[in-house]
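Chemist: First to last, the sequence lines map onto chains P and D.
Using UniProt numbering, the letters of the first sequence map in sequence onto residues 1 to 294.
Using UniProt numbering, the letters of the second sequence map in sequence onto residues 1 to 294.
Careful: at least some of the hints might be erroneous.
[To be verified] Selected chain D positions facing chain P (in silico; Cβ < 7 Å):
#1 Gly7
#2 Ser10
#3 Asp116
#4 Val181
#5 Glu182
#6 Ala213
#7 Gly215
What the hints contain is simulated information worked out from the structure, not anything from laboratory work.
Where a beta carbon is used, it is the ideal one built from N, C-alpha and C, also for glycine.
There are 2 protein chains.
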Amino acid sequence: MIGIDWGTSSFRAYRLAAGGAILDRVESAGGILTIPLGGFPAALQAAIGPWLAQGEALVLLCGMVGSRQGWVEAPYLPCPAGPAEIAAALTPIPHPDARLLLVPGLTSRDAAGVPDVMRGEETKLVGLLAELGPAPALLCLPGTHSKWARLEGGRITRFTTQMTGELRAVLLEHSILGRLVEPGPGSDAAFLRGVRRARQGGGLLHQVFGTRALGLLGELAAAETDDYLSGLLIGHEVRAVVEDGAPAGPVHLAGAETLCRLYALAFEEFGLTHRRHDPDIAARGLAMIAETLQ
Amino acid sequence: MIGIDWGTSSFRAYRLAAGGAILDRVESAGGILTIPLGGFPAALQAAIGPWLAQGEALVLLCGMVGSRQGWVEAPYLPCPAGPAEIAAALTPIPHPDARLLLVPGLTSRDAAGVPDVMRGEETKLVGLLAELGPAPALLCLPGTHSKWARLEGGRITRFTTQMTGELRAVLLEHSILGRLVEPGPGSDAAFLRGVRRARQGGGLLHQVFGTRALGLLGELAAAETDDYLSGLLIGHEVRAVVEDGAPAGPVHLAGAETLCRLYALAFEEFGLTHRRHDPDIAARGLAMIAETLQ
């Protein structure tokens, strides 16, 4: 089968053996924002035409390709959901040579009924489910919009999105905090200083301004401002998740190396253990959904 | 005497009688960012030359004119501080015809020693001190960077800055949240929905993303997104201040009408009473510092 993770700014296709082993892969920067109106069939053919010609007939797609801005909109599926519920809610896309199926995004609601959404990450979570089994687990997928999910009984029971990465970017690029920043080599000490500040308690709207106060008073180097701010924001993210329910075991962490290293530092500061996972879990998740389907 | 509040983007000069009554005023958009290098003496002369010619000889200036980007840098004074401490820490600016004195900004440190800074607002707080006397009081000056101050014994004992207004602006203009926003007439119901969400508890980094989730699922109108986001952010600001110590009496509120109305709505939702004050308190504060001086 073929598994595709087609996001806003990237395209990843995997040719998968039974069981989910990766036989071949195609990666490009051809995210859905680069696709012209009506251009999805041609873009898909250009990327995986050779595999289809060699006889592959099942294609599972996940990510923003299933959003309103994508190829076809796949409705959101409410949590709790596992591979079986997801496989039962796939959206077909007509295609002359293959069976194309879109993986739905997920929604989760908190105790007050306020919703959250994900699209693409559900497939990575399913990939981790395959590894972790039915015991309760807390998962963290750091990124522009970090996702934290609680798994239990082989299903994703609920999740939250944390806007940490995007907030850091807009504050550095567009707010007064950016004026004091100079590029630096990266300082774990300044990052941990920010994490500790968040862990002490207090509101983010005040503490984020402290980045500027420290700089104005010469108590934070310009080249360490970004590190401190990152620590402060990731610290607030971790604090909120822990207050919502501390995990019994390790936090399961999967994502880009640089970001996972920082999250691991923050976890240590909060007294949390963690376990790193392969970043290719989306491929495993796609294979697992397909298995449930067949 | 003459009192001047010279900020980043605005200039306000008052000709004041003994006791602080405003005899005349000059206001313009000539904030310090509009002043060319070395242009402060000429800008001042253009604005208040006629008053100087009529015999005024004492000029007190506050605001960003005393910052590193201003005319002369006035050092920060640590809290607790009242009119006497501030009057004893004025920075003179040489001038051929008048005695020019810069009001210092203030710093405050929390229990962990992390600093905060203000420049310009200290003068408004002194103006409120004149009205409120020595009893403990909690003051709120809403704005791009809202200031909350605790007064006691006729001095400003400590304060915090909340980056609420600027965060709302950068999120609407530069983050993914802005994509779902359409202009609207303003909805108090949507604003209060955001305030209540914040009051329930939970982290801001997650709840701010909820603005998008609600929009994607059709549970928040595009024309009400800004109202909801404002309520959420102001709600988090008020929650953090209340958690840091709820006031025994009303919150004393001074600032622009539109913003004060929203803050008053949020206070009601938190069960706080409030009292509105004249937005011209900077003039009274400048007069009070000058009285202490003479």
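Chemist: Going through the numbered hints above, which ones does this structure break? Give me the numbers in ascending order.
Modeler: Those not satisfied are hints 1, 2, 4, 5, 7.
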